[in-house]
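Colleague: Can you build the whole structure from these sequences, using the hints too?
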Amino acid sequence: MPFEKSVLIDGHGHLMGRLAATVAKELLQGQEVVVVRCEGINQSGSFYRNKLKYLAYLRLRCNVRPSHGPIHFRAPSRMLYRVVRGMIPHKTKRGMQAMERLKVFEGCPPPFDTKKKMVVPQALRVNRLKPGRKYCTIGRLAHEVGWKYQDVVATLEEKRKSKGKAYHADKLAAAKLKNKALANKAKDLAPVTSALEQYGF
0 MPFEKSVLID GHGHLMGRLA ATVAKELLQG QEVVVVRCEG INQSGSFYRN
50 KLKYLAYLRL RCNVRPSHGP IHFRAPSRML YRVVRGMIPH KTKRGMQAME
100 RLKVFEGCPP PFDTKKKMVV PQALRVNRLK PGRKYCTIGR LAHEVGWKYQ
150 DVVATLEEKR KSKGKAYHAD KLAAAKLKNK ALANKAKDLA PVTSALEQYG
200 F
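Counted the way numbering that gives the first Met the number 0 counts, the sequence shown spans residues 0 to 200.
Hints are computed from structural coordinates only; laboratory data are not their basis. Heads up, some of the hints might be wrong.
To be verified - Below are the EDC-like pairs computed for lysine to aspartate or glutamate, each with C-alpha atoms no more than 20 Å apart in a straight line:
| # | residue 1 | residue 2 |
| --- | --- | --- |
| 1 | Lys-114 | Asp-150 |
| 2 | Lys-116 | Asp-9 |
| 3 | Lys-102 | Asp-9 |
Modeller: This is the structure in structure tokens:
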């Protein structure tokens with residue numbers, strides 16, 4: 000991936016571990032990464048199996064003082080954050096700086112809702128998981144183990160999508176009008192167009 004100021008990734012439909020590995024590599028190379036729609040990230044294996052694994056993880060705690068860890072993140076974005084953290088030497092200065100370059104969100108909050116998002120082809124479930132294999136979304140998994148905002152995020156996503164649909168329709172209408180105006184004035188603008196073409200416009 001070429002170096003950019005910030006890379007915006009749409010997490011929906013990606014496999015958790017593969018996405019985390021790519022993100023971790025980019026962070027260590029100095030790239031800022033933002034991952035949105037974390038609730039749509041997939042994990043291979045059935046929902047039941049993944050839930051059992053997560054419930055087993057929830058039982059792990061420090062008997063002396065549970066606040067010492069492990070800290071059990073319930074939100075999908077924090078689940079991804081923790082997986083990425085496991086792939087980075089986060090206790091060193093370099094690792095700490097790398098983790099500061101990562102931002103993760105459920106849904107798609109402003110200002111990222113109007114920006115172009117990328118996918119990671121080598122981490123997409125449709126490219127990596129054999130058809131017919133079982134998988135689950137971490138949004139559902141998080142909801143079942145204590146994440147309280149599934150409905151809130153779903154409502155906000157519906158609003159964002161309807162707003163985006165209206166914007167796209169307006170954009171298409173404006174482009175249509177512009178093309179129509181250019182076609183109507185093509186004869187009048189012919190001398191100007193030919194002059195501009197000489198200079199490579």
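Colleague: Which earlier hints turn out false for this structure, listed by number in ascending order?
Modeller: The structure breaks only hint 1.
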